[in-house]
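Asker: Read off the chains here:
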Amino acid sequence: MADQTVHPSLKPGTEDIRFFLNDREVVGKKGETIITVAAREGVYIPHYCWHPSLSVAGNCRLCLVEVHLPDPRNPDAPAKPAPKPVIGCQTPISNGLRVYTESKVAQECQQGMMEFLLVNHPLDCPICDRGGECQLQRYSMEYGAGHTRMADEKRKFHKPQADPLIDIERNRCIMCTRCVRFNDEVGGEHVMGVFDRGEGNYIGTFGQGPVSNILSGNIIDICPVGCLTSRPFRFKARVWELAQTQSTSIWDASGAKVTHWTRNRKLMRTTPPSRKAHDRYTVNEDTEEFIDNITRFGSDFGLHADRWDESRIRIGGTLIPGAFVEAVRQAAGSLAKTKVNHGADSIAVLVSPRATMEEGFLAAKFARTVIGNDNVDWRMSFATAASADAASLAFQHADGDLNDGFSAVVLVNGDYLHQVPTFAMRVKEYARLNNKPVIMIGHHHDAYFSKCAGRRQYGCRPAETSRALELLSLAIKGDAAGNGELAKIFSVAESEVASLVDLLKGVAGKALLIQSLEDMNGAYLPSEVPAALTLKAALGATWKYIPVLRDRNAFGLYAVGAQPGRLPGSEEAVRKAWKINEKAQIPTAGGQHARDLVAAIEEGRIKGLLALGADVLYSYPDQDRLLAALEKLETFVVSDLFNSEITRRATVFFAAASNLERDGVMADLEGNLARLKDVDGPTGGARPDWETLTGIATMMGSTAFAYESVEDVFNEMIRLVAPGFRGSFTGLELAGPANDHSVQDPGGARRRTPAYNPGDYRVDGAHLRWSSEPFAGAIPAVAAEAPAAAGQFLLTWGEHVQGDDYHLNHASIAHLLKAKPYVEVHPADAATLALEDGKRAVLTVGTESIEVTARVRKGPAQGTLYFPAGLGGLKLTGLGESLTAGLQPALETELASV
Amino acid sequence: MIFELLKGLNIAAHHMVRYMAGPGNVTVEYPEVKREQPPFFRGRHRLQRYKDGLERCVGCALCAAVCPSEAIYLEAAENTPEHRVSAGERYAEVYQIHLLRCIFCGFCEEACPENAIIMGPSFELAMSKRTDFIADKGDMLDAPEKGFGDYHEYDPYISHVTAESDKKAKADPWDKSHAAGH
Amino acid sequence: MPVLAHRRDEIERLCAKYPSRRSALLPLLWMVQEQEGWVSQDSMREVADIIGCTAAEVYEVVSFYTMYNQKPTGRHHIQLCHTLACAICGSAEAGEYIKNKYGFTHGKSMSDDGRFSIVEVECIGACSNAPAMLVGETLYGDLTPESIDSILGAHA
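Chains as they are written, first to last, in this note's numbering: chain R, 1 to 898; chain C, 1 to 182; chain A, 1 to 156.
Calculated directly from the structure, the hints in this document are not laboratory data. Just so you know, even glycine gets a beta-carbon here, dropped at the ideal spot from N, CA and C. Treat each hint with caution, since some may be false.
Quick look at which bits of chain C chain R covers, simulated, 3 or more residues with Cβ under 8 Å [to be verified]:
1) 9-19
2) 53-60
3) 86-100
Using 25 Å as the maximum straight-line C-alpha spacing, the simulated BS3-like pairs for lysine-lysine come out as follows [stated by the list, open to error]:
4) A:Lys108 x R:Lys156
5) R:Lys583 x R:Lys632
6) C:Lys137 x R:Lys236
7) A:Lys101 x R:Lys159
8) C:Lys129 x C:Lys51
9) A:Lys71 x R:Lys156
10) R:Lys839 x R:Lys858
11) R:Lys451 x R:Lys156
12) R:Lys477 x R:Lys451
13) C:Lys137 x R:Lys266
14) R:Lys579 x R:Lys632
15) A:Lys17 x R:Lys451
16) R:Lys505 x R:Lys488
17) R:Lys156 x R:Lys80
18) A:Lys71 x R:Lys159
19) R:Lys451 x R:Lys84
20) R:Lys858 x R:Lys488
21) R:Lys477 x R:Lys510
22) R:Lys488 x R:Lys510
23) R:Lys477 x R:Lys488
24) A:Lys101 x A:Lys71
Between beta-carbon pairs, the in silico distance windows are [unchecked claim]:
25) A:Ser23 x R:Asp306: 33 to 43 Å
26) A:Ser23 x C:Asn115: 32 to 42 Å
27) R:Thr318 x C:Asn115: 30 to 40 Å
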């Protein structure tokens, strides 16, 4: 099956092959196919089923080309025409081959194939949403005969309503099976199939179910015809009416690049970056830049009915709409008053993890210079202050990226597909296609990687993960004394441990150590991060480290110093840039940790709060406690989009600009910068946060906030954060309709190896990097886990991009995007519970219980359960300690009520 | 100079005599009498229906795309079994033509794949308010009981221009015998 | 409702014959069909779990091969040949006769009492005795209304 078929072009040999393409001599590598070399040489061969990221199917036959073969016994004789044309997508190149892509034979083949494909294709282009960006339409114009000889009735299928996000219109299908292969190979599960036979062939899902994976929306883009179209975008607009803005996703730290398609400034759809194809910018049907469904369908939250697009000021208990300037005056006055009455340390600044680097930078500067304290932070969702600090340690040592691939990857814990979907996809696809070892260590393994042939899983109890990493690093250094203990932790034979050590030692070239920081109970992270860094130090300099946190701009906010104890650059540089005189102290110590902010408010230590984005407050697990604490504040200035429980408690509310209305730069987890681009400025009275902060700071008497545009902020920020940066603010913008300087025709030169290389976007020096010495710190001990009662499991959990999220809750189709609650169970535990995959069960944590779907897979370690936090509204508030949970199969009566 | 003057007077006199002796007055008593327009006259837009009352327009927006003065605005929506408006899956929920922008070029009716929009014979386009010039679906759609409009056979390419109608159109526009005998 | 749960040993022996478990798909589906008379969606899921693939992959195979019944069959499953030789010799009339006798219509291929179900199949290799049909696994040729009556009457 397809998982054994590696795309030939991805495994090219080193031997040069010289052949002739339309009578021009070209050079390719042994094992490459005609279509890939032709694409690289700028010769476009039409194709439907061939896709650069998918295996070769060879069933559309549109890439038929004429070939002439040399006589092997007499190389000097002219090449003889092959008896039949061959398909370009599957025919490997060979020495002396003569390929003709535009000869009469090739053209006749193309015309004939187009006629066959159109035999049953309905002529409903006026109704079809693909119209205008349809490969079939385009080829029909470019390669078709221009008329039909089909007089008979066309085949018709009934139309199932299988998926709430994807519309299937089988009559239009040309059986290229791109969607089937995408789900099988990239999506990770063979959920779609080609059913029936002969003329009755159709694509679909088993039992007409939905295509239930987080990457499924991409089959809309890669479908070359109108068979799979977007349901949320259905009939909303024609593609040629839409304006395009090249921007970036705000949802997770993979930092997917996107195009927002708008009409009259209203977001119609979001797709992977549109590329120039055939004189027009369109979604390239050969795109390899896949995005997840949340990015694709959830980015329209700025249009929600609860949006407040005017500043509001609390007067006599109610929030009255007011002018922006008035709100700035009011906010500055209240903050100044609180500062005078209760001291500088009584004010804290919170930044949303989805703020841009400029906003984070200004917040850091505001706290340090205007307020005069270190109370600025974004890390509210962490379980404990210690785990947040562990994450900062991880960021300090982050030096890895996926550019140029890797020769091996070690994954420590993590539900990567559901935390950073497109990053996980790129790692997995590179490992799968190039057959690289994937070593999974820890108490939770991502089942998404199960199709990688080089996969090895070493599961252990959560409390033992750091010990396992430590022992492994000792073994790599040559100390095999701990191998016995390690084998016991992993429940494998000692020889298996030895082979793992040999494998890791034998890795040549760049390799990656990826660690998930999404350990929501926070009990293990403080020791796991130093343990992973110790392992990295033991493995050597060729190993690079990527810490994975879902929060979109976590890395960028860390970089700009929007957290206690960290400045955006060296102290002298900051002093100079911020115009702080020699004598004054820059506060960098004693900052209020966001994690403990609620307690500090309750104790009366914090009296004033400035929050950029209410989502950072919403990420606090105990919302009731948080809301009660907010009532106690003297001054609560919040800049946000929506009328919500949190913003209703504000003393001054600023209408913030949404993801489509602000401009700035964000960093992804590899340290690449990407530009968040506004479509056309904010709506109504909304203002981007940099304006709000600049206004308040200036009103409070600061002269260091004289910015005229967000670019000014960027320039000041980037000089401190990345002195080596040689690009520019506008240079970070993605190439698109507005500024086309690097885009190439898909028929033009293409990068083939490795797949999913984000290097397209890399601007020299855009990486945020801190070259650091190998980690040599101590590994804190982990508290031994309390023995679980009979029938109880240790609970581990992490965030989920489809979970409870402040912004996602306001998306127009949030109810379709949010995942139903599920729990991952180890097969051995499932067997004792008599639970089957997909069956309902009841999860009980403390006094609360929730009905979940059981997913039986080797994700969590035996004896533990993995529950994605925020699904189904179960709030896990017991943080910083190990939690146990009970799991019972749901009774029949309960089943009936579902 | 005198010669030119006499030549001009001669033409005037020629016509005066001809029409006094001929069929009668050139002008009609508008608005009591309305002159019938040639069949391919491009007047005010109309949206057609099928005989069963369903709208022909499927909201494909090709008219809006082809419109050189960007006078057409259209928003489509999906038909449901309970609320079926057009014959296909798609229908135009909002269909507006800005008549002040429209240059009556007729590209919309040529682009229409469903023969849904036609330019009818109505040339009375004066309104008292500027907002009235934005014609929406209610202004343009034929009444349901009417089904096809007068031009139900209309096809911009084939059926309409016959040898007869072509001859009529090219004939002297002031010749009342053609206008009356339709 | 697992249908193969009691045949685990047999299944493991079968799977051991092939280099990969997926190769056992066709024989496993035959096991299901022999036992149940047809292949239900639940049993496709079960087979998928046994060989380690998804139900969609199993359904691709089931829907490709017409010999797997995707609808419940009666106690006696009639497979009536309608390929060339039988068609010339009157399989259409024979089929019409059976259909009228047991009330089969286009969407209804099983008799009300659950005794018979019918499907038209391609050549069953009995062209010399055309028109021919299979009832269960037994071949009957040279069908006439009388012989059909007596053949089907003998099947309770």
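Asker: So, for every hint listed, does it hold in this structure?
Answerer: Right, here's what the structure says about each hint:
Counting residues of the region 9-19 of chain C whose C-beta lies closer than 8 Å to any C-beta of chain R gives 0; at least three are required, and the coverage claim is violated. Note: the region 53-60 of chain C has 3 residues with beta-carbon separation from chain R under 8 Å; the three-residue rule is met and the coverage holds. With 3 residues having a Cβ less than 8 Å from any Cβ of chain R, the region 86-100 of chain C passes the three-residue criterion, so the hint holds. Only pairs whose Cα atoms come within 25 Å are accepted, and Lys108 of chain A paired with Lys156 of chain R is accepted, the gap being roughly 22 Å.
Annotation: proposed proximity of Lys583 of chain R to Lys632 of chain R is violated, straight-line Cα distance about 36 Å (limit 25 Å). Restraint check: the Cα-Cα separation between Lys137 of chain C and Lys236 of chain R comes to about 18 Å, which is no more than 25 Å; the hinted pair holds. For the proposed pair Lys101 of chain A and Lys159 of chain R, the alpha carbon gap of about 35 Å is over 25 Å, so the pair is violated. Only pairs whose Cα atoms come within 25 Å are accepted, and Lys129 of chain C paired with Lys51 of chain C is rejected, the gap being roughly 34 Å.
Proximity of Lys71 of chain A to Lys156 of chain R is assessed by CA-CA distance (about 22 Å); at most 25 Å being required, the pair is judged to hold. The suggested pairing of Lys839 of chain R with Lys858 of chain R holds, with an alpha-carbon distance near 16 Å, which does not exceed 25 Å. With a C-alpha separation of about 36 Å, the suggested pair Lys451 of chain R and Lys156 of chain R falls outside the 25 Å cut-off, and the hint is violated. Restraint check for Lys477 of chain R and Lys451 of chain R: not satisfied, since their Cα atoms lie roughly 31 Å apart, outside the 25 Å limit.
At most 25 Å may separate the alpha-carbon atoms for a hinted pair to count; Lys137 of chain C and Lys266 of chain R meet this at roughly 23 Å. Pair hint Lys579 of chain R plus Lys632 of chain R does not hold up; C-alpha atoms about 35 Å apart against a cutoff of 25 Å. Between Lys17 of chain A and Lys451 of chain R, the direct Cα distance comes to roughly 24 Å. Compliance with the 25 Å bound is thereby established for this hinted pair. Pair hint Lys505 of chain R plus Lys488 of chain R holds up; C-alpha atoms about 21 Å apart against a cutoff of 25 Å.
For the hint pairing Lys156 of chain R with Lys80 of chain R, the CA-to-CA distance comes to about 44 Å; that exceeds 25 Å, so the pair is violated. In summary, the hint linking Lys71 of chain A to Lys159 of chain R is supported, as the alpha carbons are separated by about 21 Å, within the 25 Å threshold. With a CA separation close to 37 Å, the supplied pair Lys451 of chain R and Lys84 of chain R exceeds the 25 Å bound. Of the pairs offered as hints, the one joining Lys858 of chain R and Lys488 of chain R holds, with about 18 Å between alpha carbons and a cut-off of 25 Å not exceeded.
The suggested pairing of Lys477 of chain R with Lys510 of chain R holds, with an alpha-carbon distance near 19 Å, which does not exceed 25 Å. The suggested pairing of Lys488 of chain R with Lys510 of chain R is violated, with an alpha-carbon distance near 30 Å, which exceeds 25 Å. Between the alpha carbons of Lys477 of chain R and Lys488 of chain R the distance comes to roughly 20 Å, so the proposed pair stays at or under 25 Å and holds. Restraint check for Lys101 of chain A and Lys71 of chain A: the C-alpha separation of about 21 Å stays at or below 25 Å, so the hint holds.
At roughly 56 Å, the beta-carbon separation of Ser23 of chain A and Asp306 of chain R lies outside the given 33 to 43 Å, and the hint is violated. The beta-carbon spacing between Ser23 of chain A and Asn115 of chain C, approximately 57 Å, falls outside the hinted interval of 32 to 42 Å. Between Thr318 of chain R and Asn115 of chain C the C-beta distance comes to about 57 Å, which lies outside the given range of 30 to 40 Å.
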